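Given next are the chains, with one letter for each unit.
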Amino acid sequence: MALVSRNSYAFSPLTAKGGLIHVPSPANGSTYTAFQTSLRRASAPGAYLIWIAQGGLLYAESLQKQSAVPVDRLLIVQARESAEVWRVGLEALQTGLFGSVFLRADQACAPAHLRKLQLAAEKMRCEVFLLTPAALPHWLLKETLHPTPNYAHPLLHQPAPPAGLRRELPETHAESVPV
Amino acid sequence: MRTLYFTSPHPLPAFAESCLRLTPKVSLFDRHLYLEIDGTAKLAGGEMELLAQAHEQAEIFLEDFLFTLTDRPEWAQALAWAGQALLAPGESLPLLKRLNTKTLLLLGDPQTLEAERPEREKLIGFLHKVGIHSLGQFLELPAASVSRRFGKLGQTLHDWAAGSRPLCLPAFIPRDPIRGRIEADDLCTLEGLLFRLRQVLVQVENRLQGRQMAAKSIALLFNFEAHSPVVKTLQLTEGTQDAQALLRVLKDFLQAFHWESPLTRLELEVRDLISYQPGQLSLLDDSESKYHDLAQYVARLRARFGEDAAGFAQWQSSHLAERSFSLVWPPPPASHFPSAPLPPRPVFLFSPPKPFQPSPQWRLSFSENLHVEWWEPGGKREYFIAQRGGESLWVYRDCQKEAWFTHGSF
Chain A
1 MALVSRNSYA FSPLTAKGGL IHVPSPANGS TYTAFQTSLR RASAPGAYLI WIAQGGLLYA
61 ESLQKQSAVP VDRLLIVQAR ESAEVWRVGL EALQTGLFGS VFLRADQACA PAHLRKLQLA
121 AEKMRCEVFL LTPAALPHWL LKETLHPTPN YAHPLLHQPA PPAGLRRELP ETHAESVPV
Chain B
180 MRTLYFTSPH PLPAFAESCL RLTPKVSLFD RHLYLEIDGT AKLAGGEMEL LAQAHEQAEI
240 FLEDFLFTLT DRPEWAQALA WAGQALLAPG ESLPLLKRLN TKTLLLLGDP QTLEAERPER
300 EKLIGFLHKV GIHSLGQFLE LPAASVSRRF GKLGQTLHDW AAGSRPLCLP AFIPRDPIRG
360 RIEADDLCTL EGLLFRLRQV LVQVENRLQG RQMAAKSIAL LFNFEAHSPV VKTLQLTEGT
420 QDAQALLRVL KDFLQAFHWE SPLTRLELEV RDLISYQPGQ LSLLDDSESK YHDLAQYVAR
480 LRARFGEDAA GFAQWQSSHL AERSFSLVWP PPPASHFPSA PLPPRPVFLF SPPKPFQPSP
540 QWRLSFSENL HVEWWEPGGK REYFIAQRGG ESLWVYRDCQ KEAWFTHGSF
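If you read the sequences in order, they're chains A and B.
Here our numbering is used: position 119 in the first sequence is 119, and no number is missing along the way.
Here our numbering is used: position 30 in the second sequence is 209, and no number is missing along the way.
Since the hints were made in silico from the structure, they are not lab data.
Take the hints with a grain of salt, since some may be wrong.
[What the hints assert, rightly or not] Now the stretches of chain B that chain A is said to cover, found in silico as 3 or more residues with beta-carbon under 8 angstroms:
#, region
1, 473-479
2, 486-498
[Stated by the list, open to error] For lysine to aspartate or glutamate, the following DMTMM-like pairs were computed, each having C-alpha atoms within a straight-line distance of at most 20 angstroms:
#, chain 1, residue 1, chain 2, residue 2
3, A, Lys65, B, Glu547
4, B, Lys331, B, Glu293
5, B, Lys430, A, Glu84
6, B, Lys533, A, Asp106
7, A, Lys116, A, Glu84
8, B, Lys395, B, Asp472
9, B, Lys301, B, Asp338
10, A, Lys65, B, Glu501
11, B, Lys430, A, Glu91
12, B, Lys430, B, Glu486
13, A, Lys123, B, Asp472
14, B, Lys580, B, Glu552
15, B, Lys221, B, Glu235
16, B, Lys308, B, Glu298
17, B, Lys204, B, Asp355
18, A, Lys116, A, Glu91
19, B, Lys469, B, Glu417
20, B, Lys559, B, Glu547
21, B, Lys276, B, Glu300
22, B, Lys533, A, Glu81
23, B, Lys469, A, Asp72
24, B, Lys430, B, Glu417
25, B, Lys533, B, Glu561
26, B, Lys430, B, Glu446
27, B, Lys469, A, Glu91
28, B, Lys331, B, Glu298
In this text, all values refer to a predicted model and were calculated from it rather than measured experimentally.
All C-beta atoms, glycine included, are put in the ideal place defined by N, C-alpha and C.
Only chain A is shown next, with the shape it has when bound in the complex (with noise of 0.2 angstroms):
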């Protein structure tokens, strides 16, 4: 298992100059794979980071827990939809406050967005990771992450709970339910 410890912040040579980190991940699932890669790329010791998601929120409790993540130094902003989640990385990159950007939207924007977006990412030499199932093109990202299973969640393979806590699933929880 690959926990992510603070040193993991290390200056990498390779996201020096700034630019887009594309992180697939499915739309429902796979957030803390794709965080945790995205995270042992990030290189900005005592930066402000900032992750905007739409359609929810990260569980700081869980990423205080489970991963190195300085969580007072992570602002989490909730989009209502896609393209508000790739406006506002956009204009959190021109702010110049971050020293890495994290976008999770279940939609691609248009190839004009994206490539303003890694124009200020080069400009501000920023890391920009771009966790989305959506397909991006590639002459405008820097690199493509693949998550790789090392870095599944530490949670789900810890040993079973004991006997007494352990509850068997009742048959008809695993069938479909009638729409």
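Here the structure of chain A is known, so what remains is to put chain B in place on it, guided by the hints.
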């Protein structure tokens, strides 16, 4: 005692408030404003620089006004009405001497001018009868004989004209709430509204600077053509005076706020004021200015998406995942979350939870049971970890609704 005097047919309290940033010695009587600038002229870079700043502020608050810069406050009204704007030190008295004796109506303590007016008019008539037509002639009379010839009022006016009587004016203390109003009948775009809002916010900025205060929250009263008025309060992450920063926050706030009926008037009031304490900026360390910029940016995000949708996570005492933290400003210390072990919980929570349909494709393993608070709708939640291929979801079955939901993703 160099004095800058303004008069205008428009109300002056807001302008007087903004002038407190130029000098603390501000006095206001009805339509007459006196600024004693001896102590602060050097600080502002000289009399002319201070005058330029005051003039710039007057243009923000007043449509038309008269002003004069003179040696003594008791001469200011007379010289202003005589059309004299800028008088270098020592120039005021020679000029005053050339004015008509009718000017005596405007000389002296502004608090008593109106009450003494009938007596003064009588005295001026008497002076004309005895052949005294200018203030110069009046001042040439020996001070000792003025009292005998023209009585106590004559003596007082002689002293005022000669500048030999001290005048102590009470200090102006701003007490009115800081308000602004925009008539929006003829506006049909947000840009137009923001343009007018900017002018109001510049006034607000100047008034806040005068009070040495910063705005912490702003109440907006929307008056609609067909609806009852709506009040919205905008909380700022940190106190600010800056009109541009306020405009950016209000722009985001107004973009997210939709109204059906035409807006007729928008009223704005600064509700919470805090003392303005600018920090000491360092040439080498920009962390403080970065923090300040971040505060402004968070304020804009909260104005746009709502206060619970942007901020830094702060722990809250609740066993329910969605209530165990809130998004706040400023960032809380890092080690504030409890260290008690948790059952497997995801890093991303869907808000609101999405419907889930269990099927044989999903491998479910029990995680925990949680009860919502007794005063909330809903009942027991049975949580499971649902896994399929590389996906892991945190799902629950609401026992009351008999429905499945996806609450988070691992």
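Here is what the structure says about each hint:
1. 473-479: holds (count 3)
2. 486-498: This one holds; 6 residues, not fewer than the three required, reach chain A with a Cβ under 8 angstroms.
3. A/Lys65 - B/Glu547: 18 angstroms, holds
4. B/Lys331 - B/Glu293: 17 angstroms, holds
5. B/Lys430 - A/Glu84: 16 angstroms, holds
6. B/Lys533 - A/Asp106: 14 angstroms, holds
7. A/Lys116 - A/Glu84: Distance of about 15 angstroms is within 20 angstroms: holds.
8. B/Lys395 - B/Asp472: 16 angstroms, holds
9. B/Lys301 - B/Asp338: Roughly 18 angstroms between the alpha carbons, so the hint for B/Lys301 and B/Asp338 holds.
10. A/Lys65 - B/Glu501: 16 angstroms, holds
11. B/Lys430 - A/Glu91: 14 angstroms, holds
12. B/Lys430 - B/Glu486: Distance ~16 angstroms between B/Lys430 and B/Glu486 Cα, so the pair holds.
13. A/Lys123 - B/Asp472: 19 angstroms, holds
14. B/Lys580 - B/Glu552: Status holds; Cα separation ~15 angstroms.
15. B/Lys221 - B/Glu235: 18 angstroms, holds
16. B/Lys308 - B/Glu298: Answer holds: B/Lys308 to B/Glu298 is near 15 angstroms, not above 20 angstroms.
17. B/Lys204 - B/Asp355: 18 angstroms, holds
18. A/Lys116 - A/Glu91: Holds: A/Lys116 and A/Glu91 sit about 10 angstroms apart, inside 20 angstroms.
19. B/Lys469 - B/Glu417: 13 angstroms, holds
20. B/Lys559 - B/Glu547: 11 angstroms, holds
21. B/Lys276 - B/Glu300: 19 angstroms, holds
22. B/Lys533 - A/Glu81: This hinted pair holds, its Cα atoms lying about 15 angstroms apart.
23. B/Lys469 - A/Asp72: Measuring from Cα to Cα gives roughly 15 angstroms; hence the hint holds.
24. B/Lys430 - B/Glu417: Distance ~17 angstroms between B/Lys430 and B/Glu417 Cα, so the pair holds.
25. B/Lys533 - B/Glu561: Answer holds: B/Lys533 to B/Glu561 is near 15 angstroms, not above 20 angstroms.
26. B/Lys430 - B/Glu446: 15 angstroms, holds
27. B/Lys469 - A/Glu91: Distance ~16 angstroms between B/Lys469 and A/Glu91 Cα, so the pair holds.
28. B/Lys331 - B/Glu298: Holds, because 11 angstroms separates the two Cα atoms, which is no more than 20 angstroms.
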